[in-house]
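Engineer: Going down the list, the protein sequences come from chains A and B.
If you're matching positions, the first sequence starts at 1 in the working numbering and goes up one per residue.
If you're matching positions, the second sequence starts at 1 in the working numbering and goes up one per residue.
Simulated from the structure, these hints should not be mistaken for lab results.
Be aware that a few hints might be false.
Stated by the list, open to error - Below, simulated DMTMM-like cross-link-like pairs (lysine to aspartate or glutamate); rule was C-alpha separation at most 20 Å, straight line: (1) B:K42 <-> A:E82; (2) A:K13 <-> A:E75; (3) B:K58 <-> B:E88; (4) B:K42 <-> B:E71; (5) B:K58 <-> A:E54; (6) B:K49 <-> A:E102; (7) B:K49 <-> B:E15; (8) A:K13 <-> A:D85; (9) A:K13 <-> A:E102.
These numbers come from a predicted model, not from an experiment.
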Amino acid sequence: ETGVTQSPTHLIKTRGQQVTLRCSSQSGHNTVSWYQQALGQGPQFIFQYYREEENGRGNFPPRFSGLQFPNYSSELNVNALELDDSALYLCASSLAGTTYNEQFFGPGTRLTVL
Amino acid sequence: AQSVTQLDSHVSVSEGTPVLLRCNYSSSYSPSLFWYVQHPNKGLQLLLKYTSAATLVKGINGFEAEFKKSETSFHLTKPSAHMSDAAEYFCVVSFSGGYNKLIFGAGTRLAVHP
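Excised from the complex, chain A in its bound form (with noise of 0.2 Å):
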């Protein structure tokens, strides 16, 4: 059984900028969750992809948005970057419909915006 990956590792992007961060789900997971952990906190959900849908969304702004693929892996995309984006992305995949939908996490991404 395959765990959740992501890439890249680490990010160095310029305010402004865009940048592009994948997930593979875990082998037969469905749904995939992302959250931003910033510096000293605890992740805070960003949003949720399920069948290439998303369908369930938290406190982040449109320039936060994300795509599923056929295969469940995903991407999270965020434009404009602002110096407040530089945080720890994590990706959890899950599989819907089992008790209490339990989510694993990948390694994260951790981004830098300059």
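Fit chain B to the given chain A structure using the hints.
Structural biologist: For chain B alone, kept in the frame of chain A given last:
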């Protein structure tokens, strides 16, 4: 609305002594509660989960937590700390409205001294 409050941002113990990490929750529904651990530069790992079965939940690495509805608490304990337990710990409640998102506390950093 669901939320969790971790009562201590930092806890320091000596190796071999008990660990207590405190968490209070707020939920309109019968909650699903979790404890996750995050080691430096690693992803989040599930320690244990409460899902309305037994109120005393046993997890990995000797950790356990007790769900107390009357106190709205879900404290994490371990009888004897090990150096490898030093990490960030998150108390988490699962959102119960239509899709599965996790709501994290701010985290408690556990330091273990020899």
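Engineer: Does each hint hold? Answer for all of them.
Structural biologist: Hints and how they fare:
Between K42 of chain B and E82 of chain A the alpha-carbon distance is near 25 Å, which puts this suggested pair outside the 20 Å criterion. Pair hint K13 of chain A plus E75 of chain A holds up; C-alpha atoms about 17 Å apart against a cutoff of 20 Å. Distance hint between K58 of chain B and E88 of chain B is fulfilled; the C-alpha atoms sit about 19 Å from each other, no more than 20 Å. Proposed proximity of K42 of chain B and E71 of chain B is contradicted: the alpha carbons are some 32 Å apart, above 20 Å.
With a C-alpha separation of about 34 Å, the suggested pairing of K58 of chain B with E54 of chain A is violated against the 20 Å cut-off. Between K49 of chain B and E102 of chain A the CA atoms are separated by roughly 9 Å; this keeps the pair inside 20 Å, and the hint holds. Only pairs whose Cα atoms come within 20 Å are accepted, and K49 of chain B paired with E15 of chain B is rejected, the gap being roughly 25 Å. This hinted pair checks out: K13 of chain A and D85 of chain A have alpha carbons roughly 10 Å apart, not beyond 20 Å.
About 33 Å separates the Cα atoms of K13 of chain A and E102 of chain A, which puts this hinted pair outside 20 Å; it is violated.
In this structure, the earlier hints numbered 1, 4, 5, 7 and 9 are contradicted, and the remaining ones agree with it.
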